[in-house]
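Undergrad: Sequence:
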Amino acid sequence: MKKRILYIVSLIMALNATAVVAQNVILNAKLDTFAIRIGEQTKATLDLSVDSGSEVVMPPLKEQVLVDGIEILEGKEYKESIDEGRRDRYVQEYLITSFDSTRYNIAPFNVVVNSDTFKSNRMVLDVYSVEIDTANIYNIAGPGNVIEVELTWEEIRDSVYLATILLFVGALFAWVVIRLINNKPIIRIIKIKPKLPSHIVAINKIDEIKGDTSLRVEGNEKAYYTQLTDVLREYLERRFGFNAMEMTTSEIVDELLKIKDKESIKELKEILEVADLVKFAKMHPTMYENDRNMLNAVEFVNATKNIEEENIKQPTEQRIVSERSLKQKRVLLASVIILAVIIIGVAVLLTTDLYNMFS
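8 is the number of the first residue of the sequence shown in my numbering; add one for each residue after it.
Each statement offered as a hint is correct.
The calculated label-pair distances, taken between Cβ atoms and stated as ranges, are:
hint: 1; residue 1: F249; residue 2: M290; range: 23 to 29 Å
hint: 2; residue 1: R245; residue 2: L302; range: 17 to 23 Å
hint: 3; residue 1: I45; residue 2: L68; range: 22 to 28 Å
hint: 4; residue 1: A170; residue 2: T40; range: 49 to 55 Å
hint: 5; residue 1: Y168; residue 2: I188; range: 29 to 35 Å
In silico BS3-like cross-links for lysine-lysine, where the CA-CA straight-line distance does not exceed 30 Å:
hint: 6; residue 1: K212; residue 2: K265
hint: 7; residue 1: K267; residue 2: K312
hint: 8; residue 1: K212; residue 2: K273
hint: 9; residue 1: K212; residue 2: K229
hint: 10; residue 1: K289; residue 2: K217
hint: 11; residue 1: K229; residue 2: K276
Everything labelled a hint here was simulated from the structure, so no lab data went into it.
Just so you know, even glycine gets a beta-carbon here, dropped at the ideal spot from N, CA and C.
The task is simple: from the sequences and hints, build the whole structure.
TA: Following this line, the structure appears as structure tokens:
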């Protein structure tokens, strides 16, 4: 009995694998397997080999059924060059299935090569039904025990790396934030000497001239009047805002007449005129005249001083923030922003990885 079965199986396989060979035409039809169960799939292949340049007409690619009872799930075909370009190969493949248990005889395929028709070999497919255990049809097993599976290093490696990076960057972020909060600016305090009013400056300089005994010696009249008039000219520049140092006596008087009345500048005019005579005419005033001109200079300054200038409150110190401190603060702030972005990115990756691991 076993020998008979082996004989039948061998005959079917030989029948399925038989190829048609004629006139350099090799035509073969075959099945991947000659027996399947209901609903299973197998592949039927039509393989043609001809001389290169031959005119070939393959059978139309079927779309629904190969034969009654055998359904085509998918069909495709392709051509390739073989034997170093001397021959062409044409292949059609069908993915098939069946839902009826029986033996199917698949008729040969017709192929036209150079106007000659060639038939492929026949194929046989046995389809068997699935045996059902009717005795235990209602014997349905319950749910099995939950098996705890230990995680491997490969599965948790990425999560461990991400968690380590997150901890490190988080610690660095906290350190930078603390540095930023405690980063007190480097401030230098510079003491500022209050700017004296212009009339005080002039009076002080006149007192210095008065105390210089060398200027009161006979023959030093030129130096005496030069210093006295320079003090008055500097005062005029600061008090009234015109360039008295570069003006002549008449120009100074004309400029003052635009601002003050003639009587108030009479004393100044006399001092400047005497100074011009001493410088250019080598006049030698008496000691009495020198003292009187100095007193007139003081009276002129006091008569024309700006009272509001004394009441202006001036800063006594200046606070300067170090450029290095500002630069360091900008660097810390930029670091906080960059680290925050990194923390968010790593946290998202870690959360996604953990979700995929336990879902």
